[in-house]
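Protein chains: 2
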Amino acid sequence: MSPKRIHNFNAGPAALPQSVLEEIQSEFLDFKGSGMSITEVSHRSKWFEEVINDAVARVKRLLKLDDRYKVAFLQGGASMQFAMIPMNFLNDGRTADYVNTGTWSTKAIKEAKLLGKSIKVVASSEDRNFAYIPKNISFSKDATYVHITSNNTIKGTQWAQFPDTGNVPLVADMSSDIFSRPFDASRFGLIYAGAQKNMGPAGVCLVVVRDDLLKLEPGNLPTMLKYTTHTEQNSMYNTPPCFSIYTAQLVLKWLEETVGGLEKMATINQKKAALLYNLFDQSDFYRGTADKDSRSLMNVTFRLPSEELEKKFIAEASANDMGGLKGHRSVGGCRASIYNATSEKSVATLVDFMNAFAKKNG
Amino acid sequence: MSPKRIHNFNAGPAALPQSVLEEIQSEFLDFKGSGMSITEVSHRSKWFEEVINDAVARVKRLLKLDDRYKVAFLQGGASMQFAMIPMNFLNDGRTADYVNTGTWSTKAIKEAKLLGKSIKVVASSEDRNFAYIPKNISFSKDATYVHITSNNTIKGTQWAQFPDTGNVPLVADMSSDIFSRPFDASRFGLIYAGAQKNMGPAGVCLVVVRDDLLKLEPGNLPTMLKYTTHTEQNSMYNTPPCFSIYTAQLVLKWLEETVGGLEKMATINQKKAALLYNLFDQSDFYRGTADKDSRSLMNVTFRLPSEELEKKFIAEASANDMGGLKGHRSVGGCRASIYNATSEKSVATLVDFMNAFAKKNG
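Just so you know, the sequences run in chain order A and B.
The opening position of the first sequence corresponds to residue 695 in my numbering, with each subsequent residue numbered one higher.
The opening position of the second sequence corresponds to residue 695 in my numbering, with each subsequent residue numbered one higher.
In short, the hints are calculated from the structure, not lab data.
Computed from a predicted model, the values in this text were never measured in an experiment.
One or more of the hints may lead you astray.
Identical copies look the same in the list; a pair holds intra-copy or inter-copy alike.
Calculated cross-link-like contacts (lysine-lysine; reagent style DSSO-like; alpha-carbon spacing at most 30 Å) [to be verified]:
| no. | residue 1 | residue 2 |
| --- | --- | --- |
| 1 | LYS909 | LYS920 |
| 2 | LYS1005 | LYS726 |
| 3 | LYS909 | LYS801 |
| 4 | LYS726 | LYS807 |
| 5 | LYS740 | LYS1006 |
| 6 | LYS1039 | LYS920 |
| 7 | LYS920 | LYS814 |
| 8 | LYS920 | LYS804 |
| 9 | LYS726 | LYS947 |
| 10 | LYS909 | LYS811 |
| 11 | LYS1005 | LYS1053 |
| 12 | LYS814 | LYS1005 |
| 13 | LYS1054 | LYS811 |
| 14 | LYS1039 | LYS1054 |
| 15 | LYS1054 | LYS754 |
| 16 | LYS698 | LYS958 |
| 17 | LYS947 | LYS814 |
| 18 | LYS754 | LYS947 |
Same shape as in the complex, but just chain A:
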């Protein structure tokens, strides 16, 4: 009997490719003939070293990283990066620019300030509840980096193009859209992404960091909070989160070998998002909450005519095996997260359901 599988629109942890889950399941008691589970092999064994080396190589290929970039898999999620970035890079009078586009940007800003670092919020879309991505921003010429959140999971907005910051490197929280589309990584000094949205399960955070930023590290940081601790030891200064890295490795393999790379993934993601946004544009019943030019291809946020109807919508969707459609508890409404692993079929099924629901309740 095949297992029950719903259409999963969770914001994170979120859907993973079913073929990846099946591969994990099939080798869970005996990983590659080792006679051990992947959860039981030593992180310093040939079995795990192949996993992590393959994951690093795939990240480098997918993002077209040159030799200046180091790839590490850390613990603590994006929230730990909010602290590590200013702790590592903002010392000796150095400052940074931050753009505030929602809940997670706000947290990153708050953390840098809590640590007494000198940062400047150069743009914010808070005036309209973060419904848009700011334009025409004046960046500081002497900033060490410019911090942005590439996709705003809660508010449903996304940078369509990354801002021009001249010679100042971008630092980006890409937790919710990493590997969803190609982009020019050479403009970034550091990219970080909690895996649990678009590249794996919870418990690991991808960090890609350029060597010029690593040189700014002060000497007296806690060992685990220094990037070089991890970049110089291939993420194995201490025991890494092996299972999460292994799952991410399989997702990256799926992305390269089954999907065919980031260009192809981007085309599929555009198609999926268009199905939903076209519905909003043609409907009086569903209203997208993000400005059109700032719409996220990953998290589609919308409202119905009333909160009662939203409740009914979420309940009926759930009864029809569509899960995760409730908006974030801080904003309410509805949200369909349609990351890489959410299939076109799942989105089409949702759109059919939404059309029928609007007809019945409109």
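Please build the complex by placing chain B on the supplied structure of chain A, with the hints as guidance.
Showing chain B alone in chain A's frame:
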């Protein structure tokens, strides 16, 4: 066809109960009828909340914790705790005592010093390569805590009884013997344990902390490095390492419901360790490296007459489906890690092999 399974003597990540692995495998694509993998459900869903609440309840029952204790599941392993403990508790002129019993104690001491904290190493067994646990230690009366490593994975020693520190609470790294035996937790201010040795897979660290210590936290720590950030939000300030917590929950359930609790586990662990130590005591071929009164019931370290024989021993054991017997790269020799999940049958199989190997090569 049943999967190949070896006798796993890894030091960590290490053996897990096969029944736990089978349960994970069986529900990996559809967790409790959710239609999602445990890696795909939201950490704020009823499915995961049941997992983490059950894990917390089992930790409290197994360690007989009273209401002063909070249980949290953190990221970063024991290495992050080496920094968090002094950062949270050693401010405003407070000091702590540390006992140095090996590699991990040394790292904890080094980290506290790196952070500029005032600590005193009140005892050390470094004079004889950490082959014993120090006795008759004079502790400082005004220390905020006394830090110990309850079991030394690399050196193969273990505190048989915990030292009397008067009114000063113990803080212990129990990464490699948590849940291996009953003990009086009320003497501890904080207990921490990277899960990957005796309670689950890599990627999560158990922290049990008493409320009087939590009151010592300063205000300006990075949010993720404050214990109250995690204890006040049931380990869900941000997305926790869900899969690792879920696996730990199943291991704790196995410990309570299949094994029957810590007393029964301790009896089994004593029996397993005795099989190996009795062999050393009767043999000229195998030599245990730890003093008799300091022997670890978890990590049995030993030498053979020559390094050539050790190499041959490890290779032949591996060919006979016994893995993980190589000593830590920093000390050489051999080591059999026989944590909770390593069965009596596995240890008996190893002892039979060791007897035969000694006869052939002695």
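We went through each hint and held it up to the structure:
Taking identical chains as interchangeable, the C-alpha atoms of LYS909 and LYS920 lie at most 30 Å apart whether they share a chain (11 Å) or sit on different chains (27 Å). When the C-alpha separation of LYS1005 and LYS726 is checked against a cutoff of 30 Å, the pair qualifies only between copies, where the shortest distance is 24 Å, while the shortest distance within a copy is 46 Å. Within a single copy, LYS909 and LYS801 get their C-alpha atoms as close as 26 Å, and across copies as close as 24 Å, so both meet the 30 Å cut-off. For the homomeric pair LYS726 and LYS807, neither the shortest alpha-carbon distance inside one copy (47 Å) nor that between copies (43 Å) is at most 30 Å.
Taking CA atoms no more than 30 Å apart as the test, LYS740 paired with LYS1006 passes between copies only; the shortest distance there is 19 Å, against 52 Å inside one copy. Taking the shortest Cα distances, LYS1039 and LYS920 never come within 30 Å of each other, neither inside one copy (43 Å) nor across copies (44 Å). For the homomeric pair LYS920 and LYS814, the shortest alpha-carbon distances inside one copy (23 Å) and between copies (25 Å) are both at most 30 Å. With identical chains, the CA atoms of LYS920 and LYS804 are at most 30 Å apart both within one copy (20 Å) and between copies (15 Å).
In the homo-oligomer, the alpha carbons of LYS726 and LYS947 lie at most 30 Å apart both inside one protomer (16 Å) and across protomers (28 Å), since each shortest distance falls under that limit. Taking the shortest alpha-carbon separations for LYS909 and LYS811, both the intra-copy value of 18 Å and the inter-copy value of 26 Å come in at or below 30 Å. For a Cα distance limit of 30 Å, the shortest separation of LYS1005 from LYS1053 inside one copy, 17 Å, qualifies, whereas the shortest one across copies, 74 Å, does not. Taking the shortest Cα distances, LYS814 and LYS1005 never come within 30 Å of each other, neither inside one copy (40 Å) nor across copies (59 Å).
With identical chains, the CA atoms of LYS1054 and LYS811 are never at most 30 Å apart, being 54 Å at best within one copy and 67 Å at best between copies. For the identical chains of this complex, LYS1039 and LYS1054 are intra-copy neighbours only, at 23 Å inside a copy versus 64 Å across copies, given an alpha-carbon limit of 30 Å. For the identical chains of this complex, LYS1054 and LYS754 are neighbours neither inside a copy (49 Å) nor across copies (51 Å), given an alpha-carbon limit of 30 Å. Within a single copy, LYS698 and LYS958 get their C-alpha atoms as close as 28 Å, which meets the 30 Å cut-off; across copies the closest is 38 Å, which misses it.
Taking the closest pair of Cα atoms, LYS947 and LYS814 never come within 30 Å of each other, the shortest separation being 39 Å inside a single copy and 50 Å across copies. When the C-alpha separation of LYS754 and LYS947 is checked against a cutoff of 30 Å, the pair qualifies only within one copy, where the shortest distance is 12 Å, while the shortest distance between copies is 41 Å.
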